[in-house]
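Colleague: Work out the full structure, taking the sequences as your base and the hints as a guide.
In the order they appear, the protein sequences are chains A and B. Residue numbers for the first sequence follow the working numbering, beginning at 27 and rising by one. Residue numbers for the second sequence follow the working numbering, beginning at 27 and rising by one.
FYI, nobody ran anything at the bench for these hints, they're computed from the structure. Nothing here was measured: the structure is a model prediction, and the numbers come from that model. Among the hints, a few may not be true.
Stretch by stretch, here's where chain B covers chain A in the computed footprint (C-beta under 8 angstroms, at least three residues) [claimed, not checked]:
id, segment
1, 221–233
2, 246–256
3, 321–333
Which chain A residues face chain B? A few, computed with CB under 8 angstroms, are given here [stated by the list, open to error]:
id, residue
4, 44
5, 48
6, 52
7, 58
8, 236
9, 240
10, 242
11, 243
12, 280
13, 287
14, 294
15, 338
16, 340
17, 342
Here are the in silico distance ranges between beta carbons for each label pair [unchecked claim]:
id, chain 1, residue 1, chain 2, residue 2, range
18, B, 114, A, 257, 54 to 60 angstroms
19, B, 57, A, 41, 54 to 60 angstroms
20, B, 377, A, 336, 48 to 54 angstroms
21, A, 318, B, 56, 29 to 35 angstroms
22, B, 256, A, 306, 53 to 59 angstroms
23, B, 209, A, 313, 41 to 47 angstroms
24, B, 211, A, 365, 47 to 53 angstroms
25, B, 210, A, 331, 29 to 35 angstroms
26, A, 309, B, 180, 31 to 37 angstroms
27, A, 365, B, 180, 36 to 42 angstroms
C-beta: ideal position from N, C-alpha, C; glycine also.
This is what each chain is made of:
Number of protein chains: 2
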Amino acid sequence: MESHDFCGHIQFNDRECSLMLLDQRNLPLKEEFVTCTTIEQLVLALREMVVRGAPAIGVSAAYGCCLALREAGGEDGWQETLEHLLQKLEAARPTAVNLRWAVNHMRSVRRSNGDISWEQLKELWVQTARNMHRWDVKANRAMGEHGAALLEDGDVVMTHCNAGALATGGYGTALGVIRAAVAQGKRISVIANETRPLLQGARLTAYEMVQEGIPVHLACDNASSMLMSKGLVSKVIVGADRIAANGDVANKIGTSGLAILAGHYHVPLYVAAPCTTVDTSTPTGADIPIECRDGDEILHCLGTRAAPFGVEAYNFAFDITPWELIAAIITEQGVLRPPYRQAIAGLQSARFFEGSEN
Amino acid sequence: MESHDFCGHIQFNDRECSLMLLDQRNLPLKEEFVTCTTIEQLVLALREMVVRGAPAIGVSAAYGCCLALREAGGEDGWQETLEHLLQKLEAARPTAVNLRWAVNHMRSVRRSNGDISWEQLKELWVQTARNMHRWDVKANRAMGEHGAALLEDGDVVMTHCNAGALATGGYGTALGVIRAAVAQGKRISVIANETRPLLQGARLTAYEMVQEGIPVHLACDNASSMLMSKGLVSKVIVGADRIAANGDVANKIGTSGLAILAGHYHVPLYVAAPCTTVDTSTPTGADIPIECRDGDEILHCLGTRAAPFGVEAYNFAFDITPWELIAAIITEQGVLRPPYRQAIAGLQSARFFEGSEN
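Modeller: Here you go:
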């Protein structure tokens with residue numbers, strides 16, 4: 027794996043059975059890791075967004091299953107303890123389907139291996155989690171190749187939040203497409219929407235692009251209409267936290283507004299996501315649970331109080347973009363075009379363990 | 027004038043010929059005043075947004091003319107010095123037409139009084155500036171009465187930036203309409219968009235609403251689409267920095283996007299502004315100069331660095347909302363409906379000095 031896959035932000039240590047996560051709350055100013063050895067620690071890290079982004083949450087959760095197994099111990103009754111811990115893990119955040127998907131995948135790997143011992147399961151799960159991590163990077167690279175064909179030399183691509191290496195196992199979904207186009211020799215520049223309240227665009231997307239040497243401008247979330255009206259945006263690419271069976275997309279709050287503006291200004295908006303983000307058991311966007319986070323995130327900016335006391339805040343973390351507003355969904359299996367229902371139904375499941383990662 | 031006109035944020039002291047401005051950069055956490063006695067100080071205060079909002083800039087500039095006159099002194103050649111200072115003053119910020127308008131009005135008052143002495147002019151201008159200040163509050167109250175008729179009991183009104191008492195001589199334009207509706211006994215609640223980069227919504231609008239006891243929720247600028255999609259917004263009211271002859275509106279960056287979203291979700295968007303914000307010499311929005319501010323405002327949040335080094339930022343302070351997206355323009359002379367060209371041409375000029383304020 028090449029260095030600019032940026033895979034080092036999620037590191038699992040077999041011997042200690044510990045998960046080291048680059049603390050994304052403090053980027054770009056500090057590069058510090060948080061070490062998790064228990065499910066309680068990992069759930070907190072997920073909730074506080076030490077690690078975030080649907081595919082990165084999925085990969086972390088897969089390693090988290092190994093933490094849960096270690097925590098359950100090898101004594102009698104470990105199976106019940108394990109299941110209890112897995113349920114705590116998958117409830118950490120509600121919207122990104124990759125979390126539940128990863129935990130369910132680990133469960134199914136266990137089931138399909140019959141009545142194996144605690145020791146055998148540990149080895150199997152560590153291997154599965156590592157494969158899932160590798161597969162995710164590989165999927166992002168495939169997505170990058172498919173998506174890069176949609177970008178032209180000279181494009182200015184607006185993106186929202188961070189759908190980069192840090193949001194995935196490595197390389198990135200939306201930013202992976204940009205990376206792949208740049209690797210093909212296309213001159214691409216990026217407009218990163220800062221993405222309040224937690225400023226993942228300013229802190230993470232801008233950071234990845236600067237490290238990569240890809241030209242990047244930062245803009246406030248409210249500047250999109252102005253920038254599009256001036257012809258400064260040629261494409262929009264975002265990631266996804268969950269894609270429903272009809273192609274409706276849950277993604278970071280602001281995405282649906284961006285899609286409406288893109289439609290108004292005739293700028294195509296693309297969603298880049300692996301099949302692990304697709305949830306065919308969710309019929310439409312209306313069925314996707316939307317996380318409401320603490321209003322304090324809105325009342326503050328980077329830890330400093332902005333608003334007076336006595337004010338409440340709305341803090342929906344995601345919104346739903348209707349499929350009609352999405353010009354294409356870029357997956358590792360190819361580029362889907364609307365209407366999406368049939369194309370989504372035809373996607374193959376990711377297969378991590380049976381050698382598909384090679 | 028009633029206390030909740032909040033007129034005290036712009037105070038002129040005749041004896042000392044000084045202008046005290048409530049420092050809006052530090053609200054709501056600190057209530058401190060900046061005192062200006064020279065044009066250099068006032069220009070800096072305007073640029074750094076100690077005082078902001080088109081009508082408040084206009085009122086401050088009118089008092090500023092008195093500072094300029096004092097600074098020009100009464101010696102030979104004061105007229106040239108004065109004109110030089112007035113030109114510096116009117117160049118402080120480019121978009122809000124009220125600044126240039128106020129200075130031009132002071133010039134015309136001088137001209138229409140013939141060859142008067144420095145002392146006479148000083149008295150005349152202080153009186154004119156005070157009248158302009160009083161007129162502005164009165165205009166806002168009239169605007170409030172006209173606009174309140176558009177609001178219904180139970181409405182949830184989204185507003186952007188701060189078009190309140192602090193943005194005007196007092197009482198407010200958009201927030202004045204809300205105040206007037208509440209005074210009529212209508213139950214109105216407010217959603218204040220925080221309005222990056224300087225967070226006037228979080229810091230100033232929320233502060234005014236809390237002081238007034240009007241229920242207010244804060245939201246990130248990127249949440250508007252989500253909130254509208256959930257039916258949580260029944261009306262949008264914003265202020266204006268300049269209104270062109272055809273009804274196109276320059277207002278805080280984000281307004282045009284909000285107008286497109288409001289159109290998409292069938293939520294009416296109203297603009298509230300006095301006739302001093304209308305510039306019939308600007309044919310359309312495309313002719314309005316848009317201020318570009320320092321990118322550092324975007325790279326930071328409340329003084330803390332958000333973005334990595336090596337990133338540039340777009341910082342257009344305003345955008346243009348096409349007249350077609352505006353359901354009505356609320357002025358002190360009544361509610362205008364699209365198309366606006368004829369209605370705008372029919373507006374009467376504000377007349378401050380000749381007793382019209384009484």
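Colleague: None of the hints should be skipped; say for each whether it holds.
Modeller: Tested hints:
{"no.": "1", "hint": "221–233", "in the structure": "holds (count 8)"}
{"no.": "2", "hint": "246–256", "in the structure": "holds (count 9)"}
{"no.": "3", "hint": "321–333", "in the structure": "holds (count 10)"}
{"no.": "4", "hint": "44", "in the structure": "violated (28 angstroms)"}
{"no.": "5", "hint": "48", "in the structure": "violated (15 angstroms)"}
{"no.": "6", "hint": "52", "in the structure": "violated (12 angstroms)"}
{"no.": "7", "hint": "58", "in the structure": "violated (15 angstroms)"}
{"no.": "8", "hint": "236", "in the structure": "holds (4 angstroms)"}
{"no.": "9", "hint": "240", "in the structure": "violated (11 angstroms)"}
{"no.": "10", "hint": "242", "in the structure": "holds (6 angstroms)"}
{"no.": "11", "hint": "243", "in the structure": "holds (5 angstroms)"}
{"no.": "12", "hint": "280", "in the structure": "holds (3 angstroms)"}
{"no.": "13", "hint": "287", "in the structure": "holds (6 angstroms)"}
{"no.": "14", "hint": "294", "in the structure": "violated (17 angstroms)"}
{"no.": "15", "hint": "338", "in the structure": "holds (5 angstroms)"}
{"no.": "16", "hint": "340", "in the structure": "holds (5 angstroms)"}
{"no.": "17", "hint": "342", "in the structure": "holds (5 angstroms)"}
{"no.": "18", "hint": "B:114 to A:257: 54 to 60 angstroms", "in the structure": "violated (34 angstroms)"}
{"no.": "19", "hint": "B:57 to A:41: 54 to 60 angstroms", "in the structure": "holds (58 angstroms)"}
{"no.": "20", "hint": "B:377 to A:336: 48 to 54 angstroms", "in the structure": "violated (40 angstroms)"}
{"no.": "21", "hint": "A:318 to B:56: 29 to 35 angstroms", "in the structure": "holds (31 angstroms)"}
{"no.": "22", "hint": "B:256 to A:306: 53 to 59 angstroms", "in the structure": "violated (25 angstroms)"}
{"no.": "23", "hint": "B:209 to A:313: 41 to 47 angstroms", "in the structure": "holds (43 angstroms)"}
{"no.": "24", "hint": "B:211 to A:365: 47 to 53 angstroms", "in the structure": "holds (49 angstroms)"}
{"no.": "25", "hint": "B:210 to A:331: 29 to 35 angstroms", "in the structure": "holds (33 angstroms)"}
{"no.": "26", "hint": "A:309 to B:180: 31 to 37 angstroms", "in the structure": "holds (33 angstroms)"}
{"no.": "27", "hint": "A:365 to B:180: 36 to 42 angstroms", "in the structure": "holds (38 angstroms)"}
Checked against the numbered hints above, the structure violates hints 4, 5, 6, 7, 9, 14, 18, 20 and 22; every other hint is satisfied.
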